[in-house]
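Colleague: One-letter residues, chain by chain:
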Amino acid sequence: MLMKNNKFSSLLKEWYEGNLSFDERMNIETEKPVIKKEETTEKQKIYLVKDVENAEEKLTSKGYKFFSVIFCVILAVILVGTVNFMPLFADDNTPTTNEVYEHYVGEGRDQTGAVNTVAGMILDYRAFDTLGESFVLFTATCAVLLLLEQSKDKPIKKRETFTYTNDPIVRLVVKLLTPIIIVFGIYVLFNGHLSPGGGFSGGSVLGAGFILFAMAYGEDFAAKVITPKIIRVITICSLSFYCLAKSYSFFTGNEFNGIHSIITPGTPGNIVSGGLILPLNIAVGFVVCCTMYSFYMIFKRGRLD
Amino acid sequence: MNLLINYEAVTSMVLFAIGFTMLVFSKNIMKKILGLNIVDTGVYLFLASMGYIEGKLTPIVPVAGPVDALDYINPIPQGLVLTGIVVSVSFSALMLALTVRLYRKYRTLNLDKIYEMCRKEDEQE
Amino acid sequence: MDFIMNLPFATIVFSLFSAVICFAFKDNKARFISYFLLIASGIMSVSVVFYNLTSETGYFVYRMGHYDAPIGNEISAGLLEPSFLLLFEVVMLLSLSGGSHRIMQDVEEAKQKYFCIMVNLTHAALAALCYTNDIFTGYVFIEVCTIASCSLLMLSKKTRALVAATRYMIFSLIGSSLVLVGIILLYAITGHLLFPQLYSTIQELWATGEYTFPLTIALGLIVSGLAIKSGMFPFHFWMPDTYGTATPSASGILSGVISKGYIFLLLKIIFRVIGYEVFLQSNIQYVLFIFGICGMIVGSVSAIKTNNINFMIACSSAAQIGYIYMGLGLGTKGAIIAALFQIVAHALTKPMLFLSASGLSDTVGRRQDFASLRSSAYNNKIAAFSYSAGALSMVGIPIFAGFIPKLLFSTSAFGHGIQTYLMLIVLAISTILNVLYFLRTLVNIYSPAKVELTRKNITFKTAPAFSMIVLVMSAVNIAVGLHSQPIISLFEKGLELFINIR
Chain A
1 MLMKNNKFSS
11 LLKEWYEGNL
21 SFDERMNIET
31 EKPVIKKEET
41 TEKQKIYLVK
51 DVENAEEKLT
61 SKGYKFFSVI
71 FCVILAVILV
81 GTVNFMPLFA
91 DDNTPTTNEV
101 YEHYVGEGRD
111 QTGAVNTVAG
121 MILDYRAFDT
131 LGESFVLFTA
141 TCAVLLLLEQ
151 SKDKPIKKRE
161 TFTYTNDPIV
171 RLVVKLLTPI
181 IIVFGIYVLF
191 NGHLSPGGGF
201 SGGSVLGAGF
211 ILFAMAYGED
221 FAAKVITPKI
231 IRVITICSLS
241 FYCLAKSYSF
251 FTGNEFNGIH
261 SIITPGTPGN
271 IVSGGLILPL
281 NIAVGFVVCC
291 TMYSFYMIFK
301 RGRLD
Chain B
306 MNLLINYEAV
316 TSMVLFAIGF
326 TMLVFSKNIM
336 KKILGLNIVD
346 TGVYLFLASM
356 GYIEGKLTPI
366 VPVAGPVDAL
376 DYINPIPQGL
386 VLTGIVVSVS
396 FSALMLALTV
406 RLYRKYRTLN
416 LDKIYEMCRK
426 EDEQE
Chain C
431 MDFIMNLPFA
441 TIVFSLFSAV
451 ICFAFKDNKA
461 RFISYFLLIA
471 SGIMSVSVVF
481 YNLTSETGYF
491 VYRMGHYDAP
501 IGNEISAGLL
511 EPSFLLLFEV
521 VMLLSLSGGS
531 HRIMQDVEEA
541 KQKYFCIMVN
551 LTHAALAALC
561 YTNDIFTGYV
571 FIEVCTIASC
581 SLLMLSKKTR
591 ALVAATRYMI
601 FSLIGSSLVL
611 VGIILLYAIT
621 GHLLFPQLYS
631 TIQELWATGE
641 YTFPLTIALG
651 LIVSGLAIKS
661 GMFPFHFWMP
671 DTYGTATPSA
681 SGILSGVISK
691 GYIFLLLKII
701 FRVIGYEVFL
711 QSNIQYVLFI
721 FGICGMIVGS
731 VSAIKTNNIN
741 FMIACSSAAQ
751 IGYIYMGLGL
761 GTKGAIIAAL
771 FQIVAHALTK
781 PMLFLSASGL
791 SDTVGRRQDF
801 ASLRSSAYNN
811 KIAAFSYSAG
821 ALSMVGIPIF
831 AGFIPKLLFS
841 TSAFGHGIQT
851 YLMLIVLAIS
861 TILNVLYFLR
871 TLVNIYSPAK
881 VELTRKNITF
891 KTAPAFSMIV
901 LVMSAVNIAV
911 GLHSQPIISL
921 FEKGLELFIN
931 IR
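Chains as they are written, first to last, in our numbering: chain A, 1 to 305; chain B, 306 to 430; chain C, 431 to 932.
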């Protein structure tokens, strides 16, 4: 009994002083303020791979796969069971066909000036969502930049990937196509309130055009034409404009402020109509375009310039 | 049986379940990202089918004249799909960037292996 | 005075705008913009609280656009929303300024401005989560919050932080997709996205019994998604890695503020979308109660197992989140007020613990294991003092903020049959475990060293900003612990508004 007690108390003492560890995963982690190299050396790599092969045997098991299939089936059964009790597909008497939908479609054109009801909805009635949404893109751009942007002193690593820069056919086709794609993108942007399309779709078309250009002419050339400064300025201006324009319309939207909005819907169907919808579509389109293009450049080159 | 009429919703929910299982149980980061995209696709299919009403027009109203709301389909789910697509693009980009960094360091895409190596490194220090 | 009603919207747009401005500026100015933003928003939140305290209804709705509720988007502010936003702002400001010397060391110089951008975006997202009156806006800003908080973690130079960020991101994605599909199902059966309309439709559907099964599934998906994102028990595995590897400011913000932002949105959804009565009848609360109780025990046990001070503090977060879910799960008003107070106490204490632990480990060359940390208290007396204050608060000693929620929990536990016994027993066990692992660190840092290490003295003169902030945090903690009654009555009023006003 006494022995046991002694053992226990010594164990307790060990634990208290931090010499005993129960859990290897959370074992001592010492931090050294030395910056570590990104790449592991060859020797280390071999060592690591060997270890991992051992670990793999331990970790892969048939039970795991079986369990995941069971989980998937149960989840699917629950969700499909939910769908069984849901309103019917293509029915005109579902809960979603309510007064909100009637208002958006019936009054939308006269209140917002947008013939395209979806554009009127996302940029006027529910503009706060869309504001958040363009900031999701902005946040993601910043996150990708901070993860992958290399410092300027480092030379750009040329990776052995297949490029189209020396292919005469691709270059010729891209030369012909890029202007058309960009013009089409601009058309979709500017007609967002009149026809299907708008900021997001137009912006992605524009971005695709620039990415195609960068692919065919090489990223070095593209970075000289579309400098990071241009991208930054366009992003900042578009987002600031979005913030300011929407602040104005939110501020004037509440009667107790005593100011009425000077923005009118205009004549529906004209290219300059729909109040703030056209400029907002353009701003959103530029943000989307810059985001897509900079995603491509950062993933391909490591930096924008 | 409502399930036969709601076949689009059933498809989207099955897609959601498959994608979700990939997101949770797959050990490969790329497969996790694929799973995320399948989840989102399922959700968009569900939303898009929710807005559809048989025999009605797309919500682009005529330039002049009275508008009868009951002639058009519901525009709200389309707006929600737009938002969802943007969010999923951002998430995919961020996850892919993280994957690139992890792959540069550990030369593997398997998350379990990465955890294992991470632990080994800590022990070495 | 009506002008004050503009302030909630101004807070959100102003912080989004300042994130964009920070993107344009070079390094150092960005930090000043962040400080200015947090201070200005703090003042705005205070004025909204006072406006609502003096106004007749104590509550207002602000249109985001030109149209009223079911058509347009809107935000709303009662008493709880601005006061919790104020809490988040104070905690963010303190942990940002207290850890600024570590940000300079831990983050590459070219990337320091991104830290400020992400802090601003996090603040914007939290403000939107607090004030929003629309469930889809809530979803969008949850995503902003997720990406921004993950970036705060990724900014650390260590590669381990990237691994932790991947894990955090995957759990967040699981939570987000559940929330999204829940929201979509809810929209399909109600046809609304705004809180007041959702509330009335759900009450109607619940009363008539139509769509009860899809409704339960949808609500369950939303609640579980938010619970996963805030780190409820079975999904708390990302916590130690995430909080343990980030730079101290980021750990403080992540543990003290961001998970609380999700919990606040969950609370808002429970009261203003699901409705208090439907929530109590839907049996979701029992699930939250059981997982909360399990979280309290499991979190404490894993905190006992670890040998690393940062991981220990992070694991205790899992236990503290368990307290909050236990309160929500019990479902009485008293328990919910206790849970709200637990949010306050935890948000004030955790960043302080992370900061002072970083101060202690700085004296021994950033070692974080207990064997090296022994006697580090004598090298950094201010950090040791505030660490002791934080540890005592977490254990629940009177005069500290952490005591009040435990008192409220135990007084509200009575009269619920088997839940009473369960809750009291688990509270007792959890407190004992808390004492075990927090006093262990306290004894360790004050006892003589056994290992020879190069030590560095940190005094008020060598690190003035850090010492100031840490002392201010201890003072705030004690002040909240001593003057808890006004806060409790504020919460009571706010909760009444949450339940009653539509």
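Note that these hints are calculated values from the structure, not bench results.
For each residue, glycine too, the CB sits at the ideal point set by N, CA and C.
Mixed in with the good hints there might be a few duds.
Pairs of lysine-lysine residues, derived as DSSO-like cross-links and limited to a Cα-Cα distance of at most 27 Å, are as follows [said to hold, decoys possible]:
#, chain 1, residue 1, chain 2, residue 2
1, A, Lys229, C, Lys811
2, C, Lys541, A, Lys224
3, C, Lys459, C, Lys886
4, C, Lys763, C, Lys811
5, B, Lys410, A, Lys154
6, A, Lys62, A, Lys7
7, C, Lys891, C, Lys735
8, A, Lys7, A, Lys154
9, C, Lys456, B, Lys336
10, B, Lys336, B, Lys425
11, B, Lys332, A, Lys300
12, A, Lys65, B, Lys361
13, C, Lys456, A, Lys152
14, A, Lys152, B, Lys332
15, C, Lys735, A, Lys7
16, A, Lys65, A, Lys152
17, A, Lys154, A, Lys62
18, A, Lys65, A, Lys154
19, C, Lys891, C, Lys811
20, A, Lys62, B, Lys361
21, C, Lys541, A, Lys152
Derived DEER-like restraints, expressed as beta-carbon distance ranges [said to hold, decoys possible]:
#, chain 1, residue 1, chain 2, residue 2, range
22, C, His846, B, Glu428, 54 to 60 Å
23, C, Ile862, A, Val69, 30 to 36 Å
24, C, Pro664, A, Val272, 55 to 61 Å
25, A, Asp110, B, Leu339, 40 to 46 Å
26, A, Gly63, C, Gly764, 29 to 35 Å
27, C, Tyr808, A, Leu244, 50 to 56 Å
28, C, Glu538, B, Ala369, 41 to 47 Å
Selected chain B positions facing chain A (Cβ under 10 Å, derived; list incomplete) [what the hints assert, rightly or not]:
#, residue
29, Ala322
30, Met335
31, Leu339
32, Thr346
33, Pro367
34, Leu385
35, Ile390
36, Ser395
Colleague: Which of the listed hints are broken here?
Modeller: Per hint list: 1, 3, 4, 6, 7, 8, 9, 12, 14, 16, 17, 18, 20, 22, 23, 26, 28, 30, 31 and 32 violated.
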